[in-house]
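*Asks:* Sequence:
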Amino acid sequence: MNSVLGLTSKNPSWDLNKSKFEEIDDLPFMASLGPVLTILAVYLVFVMKIGPVFMRKRQGYKLTYTLLIYNAVQVAISVYLVYRFFMDLLMMGLVPRHCYMDEGPSRSRILFSTYLYWTAKLTELLDTVFFVLRKKDKQITFLHLYHHTVMVIGTWALLKYWPSHTLVFIGFLNSLVHVFMYTYYGLAALGPNVAKYLTWKKHMTKFQLVSYNIK
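Here the sequence shown is numbered in the working numbering, starting from 58 and rising by one per residue.
Do not rely on the hints blindly, as some may be mistaken.
30 Å max Cα-Cα, derived DSS-like pairs, lysine-lysine [what the hints assert, rightly or not]:
hint: 1; residue 1: K106; residue 2: K119
hint: 2; residue 1: K263; residue 2: K195
hint: 3; residue 1: K195; residue 2: K119
hint: 4; residue 1: K77; residue 2: K195
hint: 5; residue 1: K193; residue 2: K106
hint: 6; residue 1: K195; residue 2: K75
Note that these hints are calculated values from the structure, not bench results. As the structure is a prediction and not an experimental result, all values here were calculated from the model.
Take the sequences, apply the hints, and build the full model.
*Replies:* Structure representation (structure tokens):
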């Protein structure tokens with residue numbers, strides 16, 4: 058196992074700040090883990106402590122228009138990621154001959170697609186922030202916080218240290234699921250008069266389970 062991770066006695070000075078490919082280090086937030094951990098720390102402190110205290114004596118905000126815009130943006134991001142990953146899959150094949158990445162423009166494109174996917178995971182932290190502001194406390198479960206936190210750190214680590222073609226297929230499927238999820242959430246934000254017509258609500262749990270398993 059240690060040899061797989063590159064932590065052998067032959068390589069005792071493994072640099073955690075150095076990416077598998079140098080071009081990754083030039084991308085925002087990819088040079089070191091510090092800024093990412095800071096963002097997650099602020100996120101967890103707010104949703105677990107500061108936010109609930111702030112909302113304790115206040116009524117939950119409706120945030121109708123904010124949620125409409127937010128979910129529309131998430132749908133647009135997911136659609137774009139589906140397109141990019143689909144083009145990547147066409148370029149390299151659904152089942153690539155090997156997991157490692159060769160030199161060349163295709164590698165740079167795939168790495169950037171994965172980076173955009175990771176930045177999308179950062180924006181999805183706002184899901185929890187909106188739950189806090191709307192006083193939807195039952196939605197903020199351990200699984201919810203674990204999922205969002207691990208997705209940010211896990212995707213960052215895979216992109217930085219162990220990027221592979223496998224991430225393309227995972228990103229494609231996950232982004233496709235998110236197109237439907239955020240479309241539903243955006244329509245549901247319009248209120249009960251619209252939500253009652255969303256008869257596919259029962260399928261959302263299945264979509265979410267698929268999303269969790271893909272990730």
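*Asks:* All the hints need checking, so say for each whether the structure fits it.
*Replies:* To see whether the hints hold, each was checked on the structure:
{"no.": "1", "hint": "K106 - K119", "verdict": "21 Å, holds"}
{"no.": "2", "hint": "K263 - K195", "verdict": "19 Å, holds"}
{"no.": "3", "hint": "K195 - K119", "verdict": "16 Å, holds"}
{"no.": "4", "hint": "K77 - K195", "verdict": "40 Å, violated"}
{"no.": "5", "hint": "K193 - K106", "verdict": "15 Å, holds"}
{"no.": "6", "hint": "K195 - K75", "verdict": "40 Å, violated"}
Going down the numbered hints, you'll see the structure goes against 4 and 6, while the others check out.
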